[in-house]
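These protein sequence lines are chains U and R, in that order.
Mapped onto our numbering, the consecutive letters of the first sequence carry residue numbers 1 to 350.
Mapped onto our numbering, the consecutive letters of the second sequence carry residue numbers 1 to 526.
One or more of the hints may lead you astray.
Claimed, not checked - Capping the alpha-carbon separation at 30 Å, the derived lysine-lysine pairs in DSS-like fashion look like this:
{"#": "1", "chain 1": "U", "residue 1": "Lys170", "chain 2": "R", "residue 2": "Lys48"}
{"#": "2", "chain 1": "U", "residue 1": "Lys180", "chain 2": "R", "residue 2": "Lys48"}
{"#": "3", "chain 1": "U", "residue 1": "Lys180", "chain 2": "U", "residue 2": "Lys165"}
{"#": "4", "chain 1": "U", "residue 1": "Lys165", "chain 2": "U", "residue 2": "Lys177"}
{"#": "5", "chain 1": "U", "residue 1": "Lys180", "chain 2": "U", "residue 2": "Lys170"}
{"#": "6", "chain 1": "U", "residue 1": "Lys165", "chain 2": "R", "residue 2": "Lys518"}
{"#": "7", "chain 1": "R", "residue 1": "Lys518", "chain 2": "U", "residue 2": "Lys156"}
{"#": "8", "chain 1": "R", "residue 1": "Lys518", "chain 2": "U", "residue 2": "Lys177"}
{"#": "9", "chain 1": "U", "residue 1": "Lys170", "chain 2": "U", "residue 2": "Lys156"}
{"#": "10", "chain 1": "U", "residue 1": "Lys156", "chain 2": "U", "residue 2": "Lys177"}
{"#": "11", "chain 1": "U", "residue 1": "Lys67", "chain 2": "R", "residue 2": "Lys518"}
{"#": "12", "chain 1": "U", "residue 1": "Lys156", "chain 2": "U", "residue 2": "Lys180"}
What the hints assert, rightly or not - Selected chain R positions facing chain U (in silico; Cβ < 10 Å):
{"#": "13", "residue": "Gln295"}
{"#": "14", "residue": "Gln383"}
{"#": "15", "residue": "Arg476"}
{"#": "16", "residue": "Asn479"}
{"#": "17", "residue": "Glu481"}
Claimed, not checked - Partner residues are not named here, just some residues of chain R that face chain U (Cβ under 10 Å, in silico):
{"#": "18", "residue": "Ala139"}
{"#": "19", "residue": "Asn270"}
{"#": "20", "residue": "Ala344"}
{"#": "21", "residue": "Leu347"}
Source of the hints: derived by calculation from the structure; they are not laboratory data.
All residues carry an ideal CB built from backbone N, CA and C; glycine is no exception.
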Amino acid sequence: MSQEKFSKSDALMGGEPSAEPLQDDSLLRSAVTNRVHVAEDDCIEMRRLHRFFGETRAVDDVSFSVKRGHVFGYIGPNGAGKTTSMRILATLDLPSYGDALVDGFSVVNDPEYVRRRLGFMPDAFGTYRDVNCQEYLDFFARAYGLVGRERNARLKWVLHFTGTKGMAEKPIRGLSKGMKQRLCLGRALIHDPTVMILDEPAAGLDPRARIDLRRMIRELADRGKTVLISSHILTELAEMCDTVGIIEQGRLLATGSVEEIQHEQATHRELTIRILNDTNQAAQELQARPGVQQLIVDGQLIRFEFEGEVEDQAAIVAWLVSRGFDVAEVSSHKKSLEDVFLHVTEGLVQ
Amino acid sequence: MTIPATQAEDVGAVPQQSHWLDRIDRACERIGDSLNPILVKETRQALKSRQFVTTFSVLLFAALGWTVVGSLSLMPQIYTSPSAPRLLIGYYIVLAIPMLLVVPLAAYRSLEGEIDDGTLELLSISTLSPWQIVLGKLASAMLQMVLYYVALFPCVAYAYTLRGVDLPTTLLIMALLIAAAVMLTILSLFFAPLARSRTGRISTLLAVMLVLLLSEWGLAFLVVNLILFGNPLSTGMMFYIVTSALVFALSIGHLLLTATAAQLTPESENRSTHLRVSMLLFSTVVVGLGALAIQMFDRAAVDILLIYGIVAGVFWLICGSMIAAEREVVTPRVRRELPSSLFARCLLTWLTPGPVTGLVFAVVNVVALAMAGRIAFRYLFDQAATPAIPNPVNPLVMAFAGYAVVFLVSVRLVIGGIRINNNPRVEVGLAALIAVAVVSALVPYSLGLHFNDYREYSYSGWQISNWAWTLLEIFRGRNLEREVLVVAFTGLFAFLGCVLATPHVVLPRRTATPLRVKRERAETGT
Chain U
1 MSQEKFSKSD ALMGGEPSAE PLQDDSLLRS AVTNRVHVAE DDCIEMRRLH RFFGETRAVD
61 DVSFSVKRGH VFGYIGPNGA GKTTSMRILA TLDLPSYGDA LVDGFSVVND PEYVRRRLGF
121 MPDAFGTYRD VNCQEYLDFF ARAYGLVGRE RNARLKWVLH FTGTKGMAEK PIRGLSKGMK
181 QRLCLGRALI HDPTVMILDE PAAGLDPRAR IDLRRMIREL ADRGKTVLIS SHILTELAEM
241 CDTVGIIEQG RLLATGSVEE IQHEQATHRE LTIRILNDTN QAAQELQARP GVQQLIVDGQ
301 LIRFEFEGEV EDQAAIVAWL VSRGFDVAEV SSHKKSLEDV FLHVTEGLVQ
Chain R
1 MTIPATQAED VGAVPQQSHW LDRIDRACER IGDSLNPILV KETRQALKSR QFVTTFSVLL
61 FAALGWTVVG SLSLMPQIYT SPSAPRLLIG YYIVLAIPML LVVPLAAYRS LEGEIDDGTL
121 ELLSISTLSP WQIVLGKLAS AMLQMVLYYV ALFPCVAYAY TLRGVDLPTT LLIMALLIAA
181 AVMLTILSLF FAPLARSRTG RISTLLAVML VLLLSEWGLA FLVVNLILFG NPLSTGMMFY
241 IVTSALVFAL SIGHLLLTAT AAQLTPESEN RSTHLRVSML LFSTVVVGLG ALAIQMFDRA
301 AVDILLIYGI VAGVFWLICG SMIAAEREVV TPRVRRELPS SLFARCLLTW LTPGPVTGLV
361 FAVVNVVALA MAGRIAFRYL FDQAATPAIP NPVNPLVMAF AGYAVVFLVS VRLVIGGIRI
421 NNNPRVEVGL AALIAVAVVS ALVPYSLGLH FNDYREYSYS GWQISNWAWT LLEIFRGRNL
481 EREVLVVAFT GLFAFLGCVL ATPHVVLPRR TATPLRVKRE RAETGT
């Protein structure tokens, strides 16, 4: 069976992967590299998730899990498949193949149980005209079946938590983007879900609003909520996420904690060496050494990508000194999440 | 996340000896809690919206203006001669524009806006069911209608006091207006989620506006005639028409609402069974009203039954073609809810989603209605008072049923072929039906025309697949017994072949519900 022949029906028939799809080489590879987690404390679980739109593989064999109370950062360029997989998890779309579980409930077979546990904040606001903030939240509280005192208490708490209490009576139309984001976060929180899915919540926010959002998300995780968040602002994700997943062209390229991923990529570092005498000659000789790539000479500074361990780095310095170059300064730049992202992905879009 | 006790306590805290106003307030809140959330939201929105304020103001000013202008124009005869008809026509126009145009269009825009703005997705992941969403939209539209109606009621009462239109006619006009407004709102809601592309939406909007304008014009024609010339029908006929119109409106309204809810229901859930129950209701209504017509009338019953036969035939062809185009996959979710006992499996499997069960369901309904028609006509034919019953009814009914079954089986096969590499919507089934019907009629007719040197030629057995000509010839009284039998048996064999070729799909088995789901149901009491 070719990959393109898979349809939603495969997922609808049960969602469990069969042996047939593995005849495809690419699928075989990804099946080996992607772990399928099954654990009691996993709150979100993607099981070999696929979603095809015609020939386009929006999500291509993605498997990962998120532990209860953790914040998982979903990183990827535009068109990588983040939103598609988040929409599947939010029961708004069906996978072509595979399944996703929230608290052990399948998004394909038991969407209503998933929905009760889920707060979804899409990248679009989804607001109404001619209603104010309180009425908006009140409506969604009613839509989730909250009544009477419970609803009033939840409303009050959400307005307080998201900092929208002061504008409860204001019409949504007049709110700033940051305030609308807060309101939408409040809407996603109104029924007290255990899992939050936030699609690009920080997009277009000013620095202060982003800091506030980060604080709120961390607070939610501290209160035991599992958060799946996608963002382009990687420095922020690195600070708030317990684990991250890097996705490109529908494929999950790396997953784990930020430290784990950085450690995996640690052999690939950027070195800067200041040579006081004959920098160009030193650069020429360095270029010939194994593990040295993308060398740039900037005055007395030589910058290059170096593939090797710390010992190899020390050997290079010793070798330069032995060759008679005056090494005045050596600095090694540890890779940030952004560097890791750039290294892992190829900037491909589909 | 738990709510801090201090916060929970200060909200809605009940004092020991509360004031009677507080008690009323709490009672109102309890009533509000039991209302559909969509109704609450839509009402809040509507009361603040420019559209409602403008429409309501224009309605009030127009009614006031017409009261003054209309009354002055009738002076001084207004004191001596009956003057209600002219004023009532004006009031009807003032009320009909918001009720038959503005409210249905607003309901259409409201549901379409939910889809456009992405709020429908947010609602679909809440605990609201698609039925609640649709009913909420309808209820809020009806609330607006009531407000418009109540605002104009004193004017109608004033017109009645001027004499010239009797109370039953006035009430009939108002009832017609309300029923038409509700039906048009339901129809507009049905159209709203139909198209997803921009071009489709524009086409749908144009179609809705065309239907609304035609209905506005048609009803105005009827109402003005009723006001000016009175009701020409006998009491019995009037009772029958009002009853049948009301029952048909309820049946079709339920079907359209169910279809709208089905369009909003996720793909993995059962979208078909409720629709089939609604269609079954329609068949029952047709049979019931037919029986009532036989009991109430003699010769007129034949015409009524013929009209019902055509309506039911077209209805089942349209619905059957779409049911036969359903997805073959019965999801694990749906399998869990299948009937499990032998008795329930025997009776309710027809309601299980899927194209083959759908085909069986549609064919059984077509054949059952055809048999009911035959029995009804036989009964009428045996009555001494109805000697003019047309003879060709029996072969006509048989031939129509045969063609219907063959067409539905053809649709099933065509869609089965399309489904190999595509995932077509059920509406494609209707397109396939039209294609099959056109081809089966046009091809033999064109061939016949060609072989007769493009001159007129008479009907022959070669035109058996030309359903239009065959049915017309039978209706004209021509004896086509052999052709009718061929069509009927072709339908029978095609149906049996189609069903026997896919027995595992016809009788899908119930699967067990996962323990996790059972536990959850027990905990939440769902």
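Okay, the hints, checked on the actual structure:
Proposed proximity of U/Lys170 and R/Lys48 is supported: the alpha carbons are some 13 Å apart, at most 30 Å. A threshold of 30 Å between alpha carbons decides the hint, and for U/Lys180 with R/Lys48 the separation of about 20 Å falls inside it, so the pair holds. A threshold of 30 Å between alpha carbons decides the hint, and for U/Lys180 with U/Lys165 the separation of about 13 Å falls inside it, so the pair holds. For the hint linking U/Lys165 to U/Lys177, the alpha-carbon distance of about 16 Å falls within 30 Å, and the restraint holds.
As the CA atoms of U/Lys180 and U/Lys170 are separated by approximately 11 Å, the hinted pair is consistent with the 30 Å bound. The straight-line distance between the Cα atoms of U/Lys165 and R/Lys518 is roughly 40 Å, outside the 30 Å bound, and the hint therefore fails. Distance restraint check for R/Lys518 and U/Lys156: the Cα-Cα separation of roughly 34 Å exceeds the 30 Å cut-off, and the hinted pair is therefore not satisfied. With a C-alpha separation of about 43 Å, the suggested pair R/Lys518 and U/Lys177 falls outside the 30 Å cut-off, and the hint is violated.
Taken as a hint, the U/Lys170 and U/Lys156 pair is honoured in the structure, with Cα atoms around 15 Å apart against an allowance of 30 Å. A C-alpha spacing of about 22 Å is found between U/Lys156 and U/Lys177, which places the hinted pair at or below 30 Å, so the restraint holds. With a C-alpha separation of about 24 Å, the suggested pairing of U/Lys67 with R/Lys518 holds against the 30 Å cut-off. Between the alpha carbons of U/Lys156 and U/Lys180 the distance comes to roughly 17 Å, so the proposed pair stays at or under 30 Å and holds.
Taken as an interface hint, R/Gln295 does not check out: its beta carbon lies about 47 Å from the nearest beta carbon of chain U, beyond 10 Å. The interface hint given for R/Gln383 is violated, since its Cβ lies 54 Å from the closest Cβ of chain U, which is over the 10 Å cut-off. About 49 Å separates the beta-carbon of R/Arg476 from the nearest beta-carbon of chain U, more than 10 Å, and the hint is not met. The restraint placing R/Asn479 at the interface with chain U is violated, with a minimum CB-CB distance near 50 Å, outside the 10 Å limit.
Residue-level restraint check for R/Glu481 is violated (minimum Cβ-Cβ distance to chain U is 46 Å; threshold 10 Å). Because the beta carbon of R/Ala139 sits about 14 Å from the nearest beta carbon in chain U, more than 10 Å, this interface hint is broken. With its C-beta approaching chain U no nearer than about 12 Å, R/Asn270 sits outside the 10 Å limit, and its interface hint is violated. Because the closest C-beta pair between R/Ala344 and chain U is about 22 Å apart, greater than 10 Å, the hint is violated.
Violation of the interface hint for R/Leu347 is found here, the shortest Cβ-Cβ separation to chain U being roughly 26 Å, above the 10 Å cut-off.
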